[in-house]
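Here is how the chains run, residue by residue.
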Amino acid sequence: MGAIYVMWLRQLKRYWRSRARMVGSLAQPVLFLVALGFGFGPIFQKAGGGNYIDFLSPGIIAMSILFTAMFNGIEVIWDRQFGFLKETLVAPVSRYKIMLGRTLGGATVASLQGLVILIITLALGFRPSSFLGVLLSFVFMFLIAMLFTAFGTAVASRLEDMQAFPLIINFIIMPLFFLSGALFPLDSLPGALKLVTQLNPLSYGVDGLRGALTGVSHLGLGMDFLVLIVLGFIVTLIGSYLFSKIEV
Amino acid sequence: MEDIIQVKNLIKKFQNLTAVDNISFSVKKGEVFSFLGPNGAGKTTTIKMLTTLLSPTSGEMLVNGFNPMHEKDSARHSFGIVFQDPSLDDELTAYENMEFHAVLYNVNEHLRKTRIEHLLKFVGLWERRNDQVKVFSGGMKRRLEIARGLVHHPKILFLDEPTIGLDPQTRNFLWRYIKELNKKEKMTVFLTTHYMEEAEKISDRVAVIDHGKIVAMGTPAELKKKTKSKTLEDAFLKLTGKIIREEEATAKDRMRIRGRAWGRR
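Order-wise, the sequence lines are chains A and B. All the letters of the first sequence, read from the start, carry residue numbers 13 to 260 under the working numbering. All the letters of the second sequence, read from the start, carry residue numbers 171 to 435 under the working numbering.
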């Protein structure tokens, strides 16, 4: 067993053991799906947008991955407060490996959460266009998960306690989510706002997921894939650098 | 004998507090060396710097020949540490905490199993090994923490006030075990404690630190002679005075205060 593996396993065990939290975190995406999906559905249809559940489902899957991934990354702060962080920081293992292990673990957890939401959307009437597309969507789920877990870890490496937590939710997670095309199409937005959405990495994640699941992609699956993987790589590098510089 | 820890003119300043004020000392290979000092004297800060958790403001350190600032990984390979404050994962079981540590410290599978069983039995937690740590009492957590610190046998073992909150049974076990490791494996032990009788019994040499400065250093016998005291406790009180110190803000308290400024440390 290597260090990366035990760090990964730890994240999974923690996830599995806090099933209450897991069920709780399903409530929000389901509420969004039901309230927005059925609420805006008829208007969306009248406006010529097609089936809103089909449009919305990939967006909500991306949302739940974004939230779970960021929170998993930010768990570094928890570890700092409960002291466990020290145990990993003095271990005779490169901190890059420690960071990579926990990021992979967090990303796996977030992908699993995305998978659960996908199953729920199927129950609510979402119909992916092809089986192959569903398989492809797993790739995008993991890429989104990896990018934002690493991002959360990077942010948390520079924070010392939970005070900043509401800031992160309100100034990072919420804008990322609302301006990603998860809830509405981006093509008819005013110029400045459109630019913001193009700079938002989650836009590529949502587009990639939607492309894989429904066959309709705006930016092109290749482009989505490329942006996510390159950014994911860069953010993981920055994250592990910041993580390696943590002082307790 | 060669020095396994060398510290020269080490200084650590936090905003307006000098926690460690220009200290120099060395620890010989195979020695049991105690750092004694009142609350807030700078003991934990020194250990944190030696164990790569904190960077010094200035000064030089060598741990097993490596600079903890620049050769972090090699330095970390040389030591193990039992922290003063909790560092367990509450969501994992006692056994998993032990195993996690053993894997990180590269203890091979066979040794891992036998040592974990042996240690957990000794601290009386073997029956509870599959319980999550969050249901444990404070004393049980402390015992687990001690057991975990002994799963691997490093060249240097740091013990930061290891016996705080331990019952006499576990305390006895701990000192016996450490003495044995020290003899058999020539393991160097660097410890801090408030219990002077313990320090007197186990240490080859002690350093008394106060207000970030080393005020005396030598064998317990030397210190007693120097201060004309019967016990090390008396010697300690003569060296550091009887005034009760203000408790040093723990890392966590400092963290709470500074954490309010977002992203700054």
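These are calculated hints, taken from the structure and not from any lab test. Heads up, a few of these hints could be off.
What the hints assert, rightly or not - Simulated crosslink set (DSBU-like; lysine-lysine; CA at most 35 Å straight-line):
1) B:178 x A:257
2) B:291 x A:109
3) B:400 x A:109
4) B:325 x A:25
5) B:199 x B:242
6) A:109 x B:198
7) B:242 x A:109
8) B:198 x B:291
9) B:356 x A:257
10) A:109 x B:199
11) A:257 x B:283
12) A:109 x B:356
13) B:199 x A:257
14) A:257 x B:198
15) A:109 x B:349
16) B:183 x B:311
17) B:400 x A:257
18) B:242 x A:257
19) A:109 x B:304
20) A:25 x B:242
21) B:183 x A:257
22) B:199 x A:25
23) A:109 x B:408
24) B:412 x A:25
25) B:394 x A:257
26) B:394 x A:109
27) A:257 x B:311
28) A:109 x B:178
Task: Numbered hints the structure breaks, given as an ascending list - done: 3, 17, 22, 23, 24, 25, 26
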